[in-house]
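Every letter in the sequence shown is one number past the one before it in the numbering used here, and letter 50, counting from 1, is 42.
If you're looking for bench data, these hints aren't it; they were derived computationally from the structure.
Using N, Cα and C, we set each Cβ at its ideal position, and we do this for glycine too.
Careful: at least some of the hints might be erroneous.
[Claimed, not checked] Taking CB as the label site, the calculated pair distances span:
| # | residue 1 | residue 2 | range |
| --- | --- | --- | --- |
| 1 | Arg66 | Asp151 | 13 to 23 Å |
| 2 | Asn188 | Met166 | 25 to 35 Å |
| 3 | Asp151 | Ile176 | 26 to 36 Å |
| 4 | Asn126 | Asp67 | 20 to 30 Å |
| 5 | Ile51 | Glu22 | 16 to 26 Å |
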Amino acid sequence: MWGWVIALVVGGGAVSSVKIIQQGNEALVERLGSYDRKLSPGLNFVIPGLDRVAYQETIREKVLDIPPQGCITRDNVSITADAVVYWRIVDMEKAYYKVQNLQSAMVNLVLTQIRAEMGQLELDETFTARSHINEMLLRELDTATDPWGVKVTRVELRDIIPSKAVQESMELQMSAERRKRAAILTSEGERESAVNSARGKAEAQVLDAEARQKSAILAAEGEQKAIVLKAQAERQQSVLRAQATAEAIQIVTQALNNDPRAAEAGKVLLALSYLDMGTTVGKSDSSKVMFMDPRSIPATLQGMLSMVDENGKG
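Working from the sequences, and respecting the hints, build out all of it.
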């Protein structure tokens, strides 16, 4: 029977001496109340009755949720800010023996740093310089938690909420800014519209003047061409008439040379030419009025024949 008891005691002691540490965790072992060693992930052995696992914690990155905290900015505006801190234990011995209740200590440290950083900024800067605030908090917290064996990897401010009165004031200010920008945009639009309208009228007047000028030039050129063509036609008509007269005179001359009796006919033709000249003179603007009795036309013709005969003799 005592053998079974001894076996059970020995077996229980062997079981209690085995410690299995999960991956991502570490454990601290104390021997007779003093720190002895650190247990790594896997199978580890301790001496029952002498060794004790005093602390076991993960070395993976953890998230610390910081509750909303009231802050006062440099321009004396009350705001509420909260944050999220990402951190992990890099030295398990320091994390356990250098500080009591590590997580509570970190929460209070982050709150203190947030209040300090917000107190150095004005309200408007807290909204525009959030990335700068995150960098400052990360640097300060990493330095402050280094003696605790903690590494702060990232700090993010989540919400920065002003007080209700400040929010109402900001809304009024934004509303006034929007109305101001709308008025400016409206006035700029009206100005551009007026400028474009005036520019359009000026361009239309210029185009109209250019069109009238071109039209006048074309009309003048047309009139000039018409005058030139008319003069050319009159000149050609005069040339043709002169040529016809010369040819007629040549024919008459040849007839006179060939037939002496054709002289009387030439006198008749010359008299008829005088009559035709009188008709032409009557059509001109500076013509004179000539009265002739139809009954005396034969006598007039006889008189013209006598004049032609006298001119021919002379």
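What are the numbers of the hints that this structure violates, sorted from low to high? none
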